[in-house]
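S.K.: With the sequences and hints as input, model every part of the structure.
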Amino acid sequence: MPFKKLDVNIKEKLSELDFDTPTPFQIKSIPVIKSGKNLFCVAPKNSGKTTALILTTMQKLKCKEVGTAPRAIVFVENNEKALELYNSFLKFTKSTSLRVYVCDEREHIDLLKSEIFEGVDILITTPKTMNKLLLLEGVNTTQLKIVSFDDAEYLANKSVISDVLSITQSIHKCQYVIYLEKMNTTIQNLDNYFMLYPANISVK
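Counting in the numbering used here, the sequence shown runs from 2 upward without gaps.
The calculated lysine-lysine pairs, modelled on DSS-like cross-linking and capped at a C-alpha distance of 30 Å, are:
no.: 1; residue 1: K35; residue 2: K63
no.: 2; residue 1: K133; residue 2: K159
no.: 3; residue 1: K12; residue 2: K95
Don't read these hints as lab results, they were simulated from the structure.
M.R.: Structure below.
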């Protein structure tokens with residue numbers, strides 16, 4: 002069972018929150034994500050995709066803060082979803098030293114840049130804001146271990162894809178995981194750019 006092979010901090014939090022049994026999606030996806038492969042994760046709503054994202058990100062970072070540069074980035078569609086995901090992460094990370102930071106688009110970009118420089122392990126943002134930060138040299142991407150896209154149907158938007166392709170050009174040797182409900186051709190074709198040799202997990 003995938004939960005049994007997670008960091009002890011994660012297992013303790015799962016027990017505390019009464020997450021005893023992984024969903025079929027989590028059973029299939031968590032071991033593959035842990036293996037380090039690039040991955041498309043396709044499953045319906047309420048199948049446990051976001052929880053799998055949170056758990057595997059924590060596992061990848063060994064539940065500990067390191068350095069100042071982000072080691073994980075999670076991309077979301079908009080500011081509302083960014084704030085929602087941030088609160089979901091905190092339920093699991095608040096008993097660890099992991100530093101989760103959300104780029105609240107209501108704040109000035111220079112404030113986001115200065116706060117990120119203070120030290121972040123997990124960065125939650127939209128592709129648009131991340132691209133702005135990179136243009137301002139506001140994020141160091143050299144320590145990244147995993148980049149995830151939550152509810153990634155928005156990647157079918159041409160302007161979003163443009164931002165993502167620009168961002169990924171500045172990232173080297175990193176695992177990518179894309180979570181979505183239904184695959185489409187635009188997203189599938191990302192394997193021509195940065196999703197090299199991706200695995201596919203699909204649960205109906």
